[in-house]
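Given only the sequences and the hints, what does the whole structure look like? Please build it.
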Amino acid sequence: MIEANGLTKRYGAFRALDKVSFEVHRGEVVGFLGPNGAGKSTTMRILTCFISATGGTARVHGYDVFDDPLEVRKKIGYLPQRAPLYGEMSVWEYLSFVADMRGLETSTFKKRMKNIVEVCGLATSLGKDIRDLSHGYRQRVGLAQALVHDPPILILDEPTSDLDPNEKAEVIKYIQEIGKERTILLSTHNLSEVEQACARAIIVSKGRIVADGPLEEIRAKSGRVRYVVQVHEKRVFEGGPAKKAPTAEEVQAALEKLPGVTSVLELPTDDRAHSFQLAGAQDGDIRAEIFQLIVSKGWMLLEMRREAQKLEDVFKALTKNDERRDRGRPIVEDDEDEAEAAAEDEDEDEDESDEDESDEDASDEDEDEDESDEDDKKKKG
Amino acid sequence: MGTTFIIAKREFRSNFDSTLAYVVICLGLILLGFVFFEFGGGFWQQDRASLVQIFAQAPRGLSFLIIPVVTMRLLAEEKRSGTLEMLITLPVKDHEVILGKFLGAWGLVLLLVASTLLYPLMMFFKPWDLGPLDMGPVYSGYLGLLLYSAAAVSIGLLISALAESQTVAFFITFVVLFALHMVGSVADKMPTPWLREAISFISFDTRLVPFAKGMINTRDIVYFASIAVGCLMAAFRALERRKWA
Chain A
0 MIEANGLTKR YGAFRALDKV SFEVHRGEVV GFLGPNGAGK STTMRILTCF ISATGGTARV
60 HGYDVFDDPL EVRKKIGYLP QRAPLYGEMS VWEYLSFVAD MRGLETSTFK KRMKNIVEVC
120 GLATSLGKDI RDLSHGYRQR VGLAQALVHD PPILILDEPT SDLDPNEKAE VIKYIQEIGK
180 ERTILLSTHN LSEVEQACAR AIIVSKGRIV ADGPLEEIRA KSGRVRYVVQ VHEKRVFEGG
240 PAKKAPTAEE VQAALEKLPG VTSVLELPTD DRAHSFQLAG AQDGDIRAEI FQLIVSKGWM
300 LLEMRREAQK LEDVFKALTK NDERRDRGRP IVEDDEDEAE AAAEDEDEDE DESDEDESDE
360 DASDEDEDED ESDEDDKKKK G
Chain B
0 MGTTFIIAKR EFRSNFDSTL AYVVICLGLI LLGFVFFEFG GGFWQQDRAS LVQIFAQAPR
60 GLSFLIIPVV TMRLLAEEKR SGTLEMLITL PVKDHEVILG KFLGAWGLVL LLVASTLLYP
120 LMMFFKPWDL GPLDMGPVYS GYLGLLLYSA AAVSIGLLIS ALAESQTVAF FITFVVLFAL
180 HMVGSVADKM PTPWLREAIS FISFDTRLVP FAKGMINTRD IVYFASIAVG CLMAAFRALE
240 RRKWA
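Line order of the protein sequences matches chains A and B. In terms of numbering that gives the first Met the number 0, the first sequence opens at residue 0 and continues consecutively. In terms of numbering that gives the first Met the number 0, the second sequence opens at residue 0 and continues consecutively.
FYI, nobody ran anything at the bench for these hints, they're computed from the structure. It is possible that some hints are incorrect.
Examples of chain B residues lying across from chain A (beta carbon under 8 Å, computed) [what the hints assert, rightly or not]:
no. : residue
1   : S17
2   : G81
3   : D187
4   : W243
Lysine-lysine pairs mimicking BS3-like chemistry, simulated, CA-CA at most 27 Å apart [claimed, not checked]:
no. : chain 1 : residue 1 : chain 2 : residue 2
5   : A       : K319      : A       : K18
6   : B       : K92       : B       : K8
7   : A       : K127      : A       : K113
8   : A       : K127      : B       : K8
9   : B       : K188      : B       : K212
10  : A       : K110      : A       : K179
11  : B       : K92       : B       : K242
12  : A       : K74       : B       : K92
13  : B       : K78       : A       : K74
14  : B       : K242      : A       : K74
15  : A       : K233      : A       : K243
16  : A       : K179      : A       : K113
17  : A       : K172      : A       : K109
18  : A       : K113      : B       : K8
19  : A       : K127      : A       : K110
20  : A       : K73       : A       : K18
21  : A       : K74       : A       : K109
22  : A       : K109      : B       : K8
23  : A       : K233      : A       : K74
24  : A       : K73       : A       : K113
25  : B       : K8        : A       : K18
26  : A       : K179      : A       : K309
27  : A       : K233      : A       : K296
28  : A       : K73       : A       : K172
29  : A       : K73       : B       : K8
30  : A       : K243      : A       : K256
31  : A       : K74       : A       : K110
32  : B       : K78       : A       : K127
33  : A       : K110      : A       : K172
34  : B       : K78       : B       : K92
35  : A       : K110      : B       : K188
36  : B       : K242      : A       : K73
37  : A       : K18       : A       : K74
38  : B       : K92       : A       : K73
39  : A       : K73       : A       : K109
40  : A       : K109      : B       : K92
Cβ atoms here follow ideal geometry from the backbone N, Cα and C, with glycine treated the same way.
See below:
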C-alpha cells in the first residue's frame, strides 16, 4: 500500500531524510517511531505530497507521489501534527468542507458522518466552533476529517501529542478500532502507544531507518534477555544437600558457570536475600538450568523471572547510537574495527555539524549527556 | 474547477466569522460617504450628477484599508497555523488553492464595491431623483473598479504567499498599494520625460482616471489584468516553493 524507496530530503546542507526505504502492506498498523527531528513528519509530508523528496521514489496505493499527487491524496486520510484546523468554522462546517473538497455527495457524507461521529466521539460538539474545543477534541476532529472519505490508507502524525492520558488512551482506542480494516501509518514518540496499537514498528533516527519489523522482532534484535534470581540469605532447603546458607560470592560464582550467561550482577536488596541479574542470549531460555542448579545446591529460591528487553530500551539504544551511522547493518552490536568506526564518526561530524546542532536542540539534555558518555566509552575502548 | 469554488466559498464566508470584517466594511462605507459628500468641496459643490468622486476615492479606501486586511490572512496565516498542510493534502492542485483564495478575497472586495451602488441607486432613482445620470461613466467606472480590485487583491495574495506572518503581509501590502497610488502624483515633478512616463505608466491613479471619465482603454485593461495574472502566477510559484525549500 505504501512503498518508500530511498527517500532523501535535504534542506540546504541539512539532511532531514537519508535514503529511507520501507513498505507498509494492506491492513497493517505500523508505528513510525523516532525522537524529535528524526524525519517522521518529513516522511509523512512526502507521502502526502505536501513536499517533494530530493531523491528517491514513493508509491501510495500504487500511485507515484510525484506523478499522481491527486490520486495519492484521494486514497489517503491525513492528520498532520497538532491537527491544524480552521478555528472559525464549526465542527460540522469543517467536516462538510472537507467532504466537499473530496467530492463526496451530501447523502454519502451524512451516512459516513453517523459512523464517524460515533467512532470519534463527536456527537456533542458538532455545532461548536473548532477554536472553542479542547485539544483532545480538536484531535478527534482531525481524525474525523481524515476518515470522512473512508480512505484505505491513514497517515497520522503524532495523533496523541499534547493530550492528557485519558484522551491519549481514547485516541489510541479509536485508532485500534479504525485500524481493523485500514492501513495505518502512525507516528509517535510514545512507545506504549505503539505497543498497544501497532503490530509493527519502523524506528527512524536522524533521517535514517534504524529498525523495521514486528515489535517482537525489534525487541529481540537488541539481543539480550534479563533473568532475575533471588536466593535466601539465611535459610536453605530442608533436607537438601546444603547445611548452611550460601554467601553472595558462592551464588554468583555458581550462576556464572551456567551455560549462556554472559554476565552476573548483584542487585541491591535487604539482608534477607541475595539478588542477581543475569544477562543471557535472546534465543535461549536458561530458567530450567537455573532451577536445576539451585535445587542441586539446596538453596532456597525466592524469586526467578525472565524479562525480554522493553521496547523503550531498544528505542533508546537504537536512537542514541546513531552517530555510528549503522543503518542498514544488523542492529546487534557488531564487533567491528573500532578505528574504522571512529574514522567514520569524524567524517560524519564534519559533514553535518548543522544537523547535530539542530538535533541537540530537539532532544532533551539527559539524552545528550548519555550520548556523550557513550562517546567517551567508545573512544576509551 | 469544483474545488476552486469550494475554497473560494470557504474563504469568502470566513470573513464574516470575525467582527473584523464587519468593522472594516462599516468603517469603509462611512469613510466613503464622508469623502463623497464633504471631501474637497464634495458632491454638492460640483453641481453635476456625477459619481466621479466614488471612482476616484473608493480605490484608495480599498487599497489603504480593506485589501491589506482581507488579503493578509490568505496564505500567511494558513502557513503559520499549519492549516495549509491540511488544505493542500486534500485532493487539490496548488493553482486551485491560489485561485480559490483569490476568488474568495476578490469576492469580498467586489461585495464592497457593489455596496457603493447604493449611491447611484438612491440618489438618481429612488427615493431621490437628483437629475439624469450619465450612465456611461458609471458603467466604465465600475469596470475600472472591478479590474483594479483584481489587481490589488492579487498583489496582496502574492505578498501573503511570501510573508511569514499576516502582520508583515499587511504592512507590505499596504506600502506597495500606497506606493502604486501615490506614485502618480510625483510623476509630474520628475525631471526627465521618460521617467515621468514610466512612473505614470505604473501608477494606479493614472490608470483609473480614464475609467471614471467613461473611457475604456485596452491598455488600462491589459495593465490591470496582467498585474492580476502575473501576481497569481508568482503566488502559485511561491506556494510551490514549499515542496523544495
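Legend entry - Hint check, failures only: 3, 23, 25, 35
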